[in-house]
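Visitor: Next come the chains, spelled out residue by residue.
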Amino acid sequence: MKALINRQPQSSYEYTDVPTPTPGPNEVVFKVDRVSICGSDIPLYKWNEVGQKIAALPFIPGHECTGVVCSVLDVFCFCVFVFDQKQLSQIVEVGSNVTDLKVGQRICVDTHLPCENCYQCRHNLKVCVHVFYF
Amino acid sequence: MFFIFRQNRLFTQDASQGICQNMGLFGHGVKCNSGGCAQFAVVNRNAVYALKYFGFFIILIITPHLPYNNTQFLELIYQRDSPAYLSHLEYHITQLKKSVRLVPIFDSSKQAPSLKLASLAGEDVLVIGCGPIGLFAIAIAKYMGAAKGKFVSLLCLLELILQSHANQ
Chain W
204 MKALINRQPQ SSYEYTDVPT PTPGPNEVVF KVDRVSICGS DIPLYKWNEV GQKIAALPFI
264 PGHECTGVVC SVLDVFCFCV FVFDQKQLSQ IVEVGSNVTD LKVGQRICVD THLPCENCYQ
324 CRHNLKVCVH VFYF
Chain Y
6 MFFIFRQNRL FTQDASQGIC QNMGLFGHGV KCNSGGCAQF AVVNRNAVYA LKYFGFFIIL
66 IITPHLPYNN TQFLELIYQR DSPAYLSHLE YHITQLKKSV RLVPIFDSSK QAPSLKLASL
126 AGEDVLVIGC GPIGLFAIAI AKYMGAAKGK FVSLLCLLEL ILQSHANQ
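Protein sequence lines correspond, in order, to chains W and Y.
At position 7 of the first sequence (counting the first as 1) the number is 210 in the working numbering, and the numbers step up by one without a gap.
At position 73 of the second sequence (counting the first as 1) the number is 78 in the working numbering, and the numbers step up by one without a gap.
Only chain W is shown next, with the shape it has when bound in the complex:
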């Protein structure tokens, strides 16, 4: 598949072929229709001090996939859904342990991926009320 990818510690993106992902047992693969450019994509592209802190090479940019721009905010998903009904990501393949999502389901993606192992994750305290990483 085609993708933008940054492999070098400099301000550059490469539009190239990368292997099409396959889902692990608890993962889903979805087709991306659109992606937005977030403010944090700018330091990622420039690969400045902030970008180096929040990202790791190599990476495929675009953490705000279609319909999900706000990580936990369904409101925006709905708005995108209204204005752009046919342009949302659709699942194309699900892992063996994923039973509640089906191929063809329209989805949005959370940018933040909790580790599920640390104290906060195990006690359902993944984000403090005073910290909002958005």
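Hints listed in this document are in silico derivations from the structure and should not be mistaken for laboratory results.
Careful, some of the hints might be misleading.
Keeping only pairs whose Cα atoms sit at most 27 Å apart, straight-line, the calculated BS3-like set for lysine-lysine is [stated by the list, open to error]: (1) Y:36 to W:305; (2) Y:147 to W:256; (3) W:234 to Y:36; (4) W:205 to Y:36; (5) W:249 to Y:36.
Guided by the hints, dock chain Y onto chain W, whose structure is given.
Guide: Just chain Y, lined up with the frame of chain W:
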């Protein structure tokens, strides 16, 4: 704000704990090789939300006119470095109503934007700009106890400013 608490997974009232220190980031290359700038992407099922219809959110779409006479106690929730704040918004609003108070809730000058949990209990809130951040501000204002809300788009604000200039 019930959506933030929808799964009780990312947001908690317990202030004694911080965020997950081992968190991966989709589209950043941090414990996740996938990103949106590709034809296909793969993520953990826990990060996927199925989309549903929420028809009542039509109510978020925009009041056509802001009644100036009733805005004495409105508070503005704004993003500090937004162009609207930096240029026209504060000037025009304060010129129109000296008593309007600006309350920042998003401070994006920091790397991790902080959320100031000022109490808005029982007060009226004006959110100007109903983009993603504005929608977020609306939800936060509701969570913080705002009684009534006025949500206007920047386009409507521009119309109001032009009207006020025409009246002068």
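Visitor: Each hint needs a verdict: does it hold in this structure or not?
Guide: We went through each hint and held it up to the structure:
1. Y:36 to W:305: holds, 25 Å
2. Y:147 to W:256: violated, 33 Å
3. W:234 to Y:36: Holds. Residue 234 (chain W) to residue 36 (chain Y) sits at ~20 Å (cutoff 27 Å).
4. W:205 to Y:36: Roughly 21 Å between the alpha carbons, so the hint for residue 205 (chain W) and residue 36 (chain Y) holds.
5. W:249 to Y:36: Judged against 27 Å, a Cα distance of about 21 Å means the pair holds.
When held up to the earlier numbered hints, the structure conflicts with hint 2 and nothing else.
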